[in-house]
Structure formats: structure tokens, C-alpha cells
Amino acid sequence: MIAGQHPLVPIAGSQDISAIHLRGVTAQYPASSAPALSDANLTVPVGSLVALVGANGAGKSTLLKAIVGLVPLQAGEILVHGQPFSSQRRRVAYLPQIGELDWHFPVSLHRLVVTGRYVHLGWLRRPGRRDAEMASAALARLGLDDLMGRQIGQLSGGQRQRALLARAMVQQADVLLLDEPFTAVDAESRSVLIEVLRELRRQEVTVLVATHDLESLSVDPTAVVHLRDGRIDGLGGPPYDADPGPVLEPWIA
Amino acid sequence: MDRLTEPFQLTFMQHAFAASLLIGLTCGVLGVYVVLRRMAFIGDAVSHTVMPGLVAAYTQGWSLLGGALVSGIVTALGIGWISRRGLVREDTAIGVVFTGLFALGVVMISATKSFKDVNNLLFGNVLGVTPEDVAMIAGSALVVCAVLALLHKELELTSFDPIHAQVAGLNADVVRYVLLFLLVLAVVVGIQAVGVVLLSGLLITPAATASLLTNRLQRMMLLSVVDAFVSVTIGLYASYYFNVSTGGAIVLAAAAIFVVVSGVRAAKSAL
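Protein chains in written order, with this note's numbering: chain A, 4 to 256; chain B, 2 to 272.
Bear in mind the hints are in silico, worked out from the structure with no lab data behind them. Accuracy of the hints is not assured; some may be wrong.
[Claimed, not checked] Label-pair ranges, simulated between beta-carbon atoms:
hint	chain 1	residue 1	chain 2	residue 2	range
1	B	Asp174	A	Asp149	23 to 29 Å
2	B	Ala150	A	Glu207	23 to 29 Å
3	B	Arg220	A	Arg133	21 to 27 Å
[What the hints assert, rightly or not] Where chain B lies over chain A, by a calculated footprint (3+ residues, C-beta under 8 Å):
hint	segment
4	40-47
5	93-104
6	119-127
Every residue gets a Cβ at the ideal spot worked out from N, C-alpha and C, and that includes glycine.
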């Protein structure tokens, strides 16, 4: 038995299968000469909130992108609920950094949120009334119902982040991957985002959040994973001490 | 009033008008995606790279649409293949494929003797369309509009958030190739009206004008088509009464509308 391959210690009330499982993952962008993530091992139990911290270029975003298949793997494997991501798409909501969307495109806020339903619709099927109602409800929950008809380019940074979270909510996923959700966020948006994150945690949604600023998270994470130069460099349980504890069993090769 | 209806007593003008409206519809509606997805350069490239296919079809008596489709698809796949391998950036890849195939077209033209044919390819000859051409143009317009309607959700999402589309299992590359295929169709029919050289004017200018007027996608498509209709109509009348190039007059009309609209917009925002 290879060191570190001990079974996951389940937390009370969760299933035996981990929400996310990375084993020996090395990932590299096609146009790049070096891997952006090297030999990463991580097990995230269902219902936990894991913060990925580290400097720019440390591999936080790459780790999230690798989970949803946006970066090709050179080695290792990633399982979501014990299965490959391609069979688990509906259960995983990924929030990109807001700069990765074209906000000038002529589409309304409501329409943007409806796109969170597309993973359930697949090709050709059009969103129906129920999808529209879910989008309206999510926008109301995030305090954006007044802005539903706005073109997305007219939203502030904080409103854009809230819009992306609303879109993730209509997907009704139980794994949520957030890439720098507090960038360019005003105080009002921040408190709404945090409130909704707490609510999702109570619903046993597994959350992975990449942030360069742990202070801004304001929700106690189950564990903190430190990344440096594309490697998992260390981890801590609450409140960010060096001891992983029984909750999280990542392997550091 | 007679001067408005007079041209349409003539059968060839009726054909030209029908063809022009259908071309305006095709290019106007598709142009909105070309503008919003910043594919203007690709549109220009495709219109030039269909040249060798058109010349071959012209001289061999094959179907023009077939010839252009084959070379257009080769272009689309070639650009995709070269830029996918990451050897050069996409705009460089397009530049290489674009000029290479256009040069092949020029060499092939120079080997034929007919200057009139060359002129038709480069600048269009909508006054010479046959009823068969009109049927072909109508078919292409139908395909373009049907696919845009059918794939509206996918086209819209991949245009502003291809990453989300990818994660949701809607392959953005598939959508891109579909759009390139539609672009080739629009180029092939558009060439009949304005020719290779001015094609991007018909594809891009009405859409650019519409993008100044609204930030709703459907309304933008509608305005773009209306603008294209107005432009082709002005172009046809101008060529009938003043004996000037139809294609030139069409694109000039579209450009004039763009200048007026952007001037009005600039004046409004200055106030």
C-alpha cells in the first residue's frame, strides 16, 4: 500500500464517497511549456468548504479548471462523487473569474442566469417557463431582481459576482467551485454572497473556493489548502492551523 | 413614383431585387454574430479564400456554391487546425491561409482569359443572376436562418461565455465550426451581390450599425437585416439610374448609414 492511500475518514452525516478526489494530478495548458499543477492529491469530503490559497499563478484556478475538464491532465485522475466529471456535469457548478466572460455581449441579466439551466437541457432544447422562474427566484435571493432586464455590461463588479452565483444556484449543483468570488466586490455584494454561501453549506453543498485573500472569505472553511508554484504546499484545518485533522485527508507527495 | 417602379418592369431587375433581399437577410442576420464574436477578420478571410474554389467552378462549369463551399470548409478547418496546434496565433494562422488561398485564386484567374468573369467574382454581378441562382440563394438563406434559430441558445452562450458552455457539455468548438460553415454559405451568396472584395462590407457594416442602436440580440439582428435591405435597395436603384457598380453602391450605402448613425450617437452622448 502506497503511503497516504488510507481510506477517507467520513464526517458525520456525509456519504462514504468524497465529493472531489484528485490523485497525482498534473495539468498543463496546451500553449504552455510547464505544468500549471503538479502531482496534486486532494480529497474533499461531501459538505465541506475548502479554501484554496496562494499567490497569483500558484495553481488555484488551474486546480478548479482541471476538475471541470478545462485543462487537460498529463497524469493522474480526478473523480467527482467517485465518477469522472463528464458524467457528473449537472452536479458541479463552476464560477469563473468575472474577467473570463464577455460582458459587452447583448444579453440580459435574467438570460445570463437562465444559462445555468443549460447543463440540464443539453443541445437544442430551449429553456422553458420553469427555467425562467428559477432564474427569477435566484436573482431575488441575491437581491438583483430589480436589475433582471439590464444588459449584463451595466452591472457593477459585485453585481456580476452575484449574477454568477445566481446562475450556479439555478443549476442546483451540489458541488460549487468558485474562482476568486470576492474580486471587485462592494460591501453589499460581499455580505449577500457570504450569506448565500453559508446557506449553501447548511444544505451540505461542497464548496471549493480559490482566493488570494483568506480574510475576505468570512466563512470558516473546513480546511485550507495552500498552493505554491503549482504544488499543494500544505494544508490546515480550522482555523488554518497546520494540522489537517481527520476531516480532510489530502496526500502530500 | 414611376421612377421607383420602373426598374421592376424588367425581369432581370426583379431577379436582382429578390436575390439582393435574400442576400441582405442572410448577411444581415449572420453579420451580428460575426461582429459580436469579433470574427470580422475571419469573415474577410473566408470571402477571399473561397476564390480558388469559385474560379475552378467557374472555368470548369461546376456549381459555384459547391466550389466555394469546398474551399470555404478547407479554410475553416485549416485555420482551426493550424491555430489549435498552438504553433502560431489564430490571427497569424488566418493571415497565412487567407493570403495563400487568395493568391492561388489570383494565379488561377490569370490563367483564364475572361476579364468579365474575373470582374464578376471580384465585384459581384447581381443584375446577372438567373432564377436558378435566386433559388440557390433562397436555399442558403433558409439554411442560415434555420440553423441560427435552432442553435440560438448555444450560439448565444458560446459567444459571451464559452467556458460555461464547455463545462455544461455544449462544445464551443462544434458551435464555432457550425458558424464558420454558415459564414461560408453567406459569403458564397453575398459574392453574387457585392463580390469577394466588398463582401465584408455587406456582412459587417449593417451589423455594426445595428450594434450602435440596441443592446438586445434579436433586435440587433432585426435592425441589421433592415439596414441591409435598405442598402441593397439603394444600391440597385443607383446602379439602374446612374449606371454605377451595384456592389460598390450597396456597400457605400451601408457605410453611409453607419457614418450617419454613429455621428448621431456621438452627438447624443456629447450632449
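Comparing the hints with the structure gives:
Against the hinted window of 23 to 29 Å, the Cβ-Cβ separation of Asp174 of chain B and Asp149 of chain A comes to about 37 Å, which falls outside the hint. Judged by the Cβ atoms, the range 23 to 29 Å given for Ala150 of chain B and Glu207 of chain A is violated: they are separated by roughly 41 Å. For the hinted restraint 21 to 27 Å between Arg220 of chain B and Arg133 of chain A, the CB-CB distance of approximately 26 Å keeps it satisfied. A stretch counts as covered by a chain when three or more of its residues have a beta carbon under 8 Å from one of that chain; for the segment 40-47 of chain A and chain B the count is 0, and the coverage is violated.
With 5 residues bearing a CB less than 8 Å from a CB of chain B, the segment 93-104 of chain A meets the requirement of three and the coverage assertion stands. Counting residues of the segment 119-127 of chain A whose beta carbon lies closer than 8 Å to any beta carbon of chain B gives 6, which reaches the threshold of three, so the coverage claim holds.
Violated hints for the displayed structure, listed by number in ascending order: 1, 2 and 4.
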